[in-house]
Amino acid sequence: MTAQQVEFPLAVLDEYLASSPDFVVLTPAYPRSWATGGEFIRTRVLAYAAAGLNGFVVHYSPNVDADDVRAVESGIPLVRVPTQLLPAVVEALGRTDAAIVCHSPVPELQHLLLDELPGRPVGAWFHGYEVRDTRRLHGNVSMGEAAQIREAHTAVNASRFEAAGRLFANPHVTKVFVSDFQRRTSETDVGTAVENFEVIPNFIDGEFFAARVRQPAEANRILLMRGFAQRNYGNDIALQAISHLSRREGFADLHFTIRGFGRLFDGETARVAALPNVDIHRRYSSPAEMAIAHYEHGVFLCPSRYDTQGVMLGEAMASGMACITNPVAAIPEFTDEASVVFAKPDDPWAFAEALWYLVHHPELLPQLSTEAARRVREQCGHANTIGREISLIERLRP
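Okay, so the sequence shown: first residue is 12 according to our numbering, each after it adds one.
There may be inaccurate statements among the hints.
As the list claims (entries may be wrong) - DEER-style ranges, computed between Cβ atoms:
no., residue 1, residue 2, range
1, Asp-357, Glu-260, 21 to 29 Å
2, Ser-72, Ala-349, 17 to 25 Å
3, Gly-130, Ser-297, 23 to 31 Å
4, Arg-282, Pro-182, 47 to 55 Å
It is worth saying that the hints were derived from the structure and are not from the lab. Just so you know, these numbers come straight off a predicted model, no measurement behind them. Ideal Cβ positions, reconstructed from N, Cα and C, are used throughout, including at glycine.
Let the hints inform the model, and build the full structure from the sequences given.
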């Protein structure tokens, strides 16, 4: 990147700051037309704008194309900045009274905010990986792979925890976690108690994922829609369960839709690919496509080995689907036996029995559907998420 290309993002940044924004969001991930990541952040920013707040997003990454620096995404100004310009970005933010909000801040940014803006109110959102010991998800790699990356992961942990420890102990920075489970495990892994924090779940849009009460006849329309990038998502649990059930009388009366993408997709779906009542779609689904898929099915399979909240589960609950999941990590904070069907963790046979039980007790669908839609709106609806975040943003302004 040339000197001229490096200077250009800062000119755009100064221009945006001159508009007296209410907030500035800094993030290492933000959706593009050709790439996913940061959807949770875009949802928040759009909600802030809908509430009348004026702000913009700084998306920093190692590689920024000079033609991709300035953008407007769904009406939200966006500037993309090379990560090496973070010191200049923080310096510029020191000249504004906008609320500074950072999501998944990299260690360098955490140190810069504390060193260059001492005493400045800041909001720091942690979504999971940034303050989690990499060994918590040891199941995502083989023993051989773990040995190869052990030294690198140790270095990653040390870098993250050093920065997060400083941030956790700083009373001027409001730390935001999406679940209390995440907050507790983060304190354990970082080794520092968190001072000045809030637990605010990710927003589940109950208007977009409109609720429809499922009827008993829909128990045979079953959907598995999940990312297949890592084993902690647990898709293999549900797919093994389907394979187990395929040998039972009555299985042919069920219809399954499997949709997702990621490095594990082909291998994990291979076990059910030959079944005539299983439709497999290797693809990314937009939020609108997800809502349509929800509407067309009655039962949602959402196995898990580790989730700091479980947003896809929450979206399916909001749509009124009857969901089957595992009571692991943070999931019990957002569900209960009145709103979902629980299966013993990491046990395909138990997951199969839970599904078979629901299929043969279809009268449970309306009750589960109604309670799931009610609970997610109460716990993760606008008032308890975006409303609280907007209140925090107002308090962060110097």
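So, going through the hints one by one against the coordinates:
{"no.": "1", "hint": "Asp-357 <-> Glu-260: 21 to 29 Å", "in the structure": "27 Å, holds"}
{"no.": "2", "hint": "Ser-72 <-> Ala-349: 17 to 25 Å", "in the structure": "43 Å, violated"}
{"no.": "3", "hint": "Gly-130 <-> Ser-297: 23 to 31 Å", "in the structure": "42 Å, violated"}
{"no.": "4", "hint": "Arg-282 <-> Pro-182: 47 to 55 Å", "in the structure": "52 Å, holds"}
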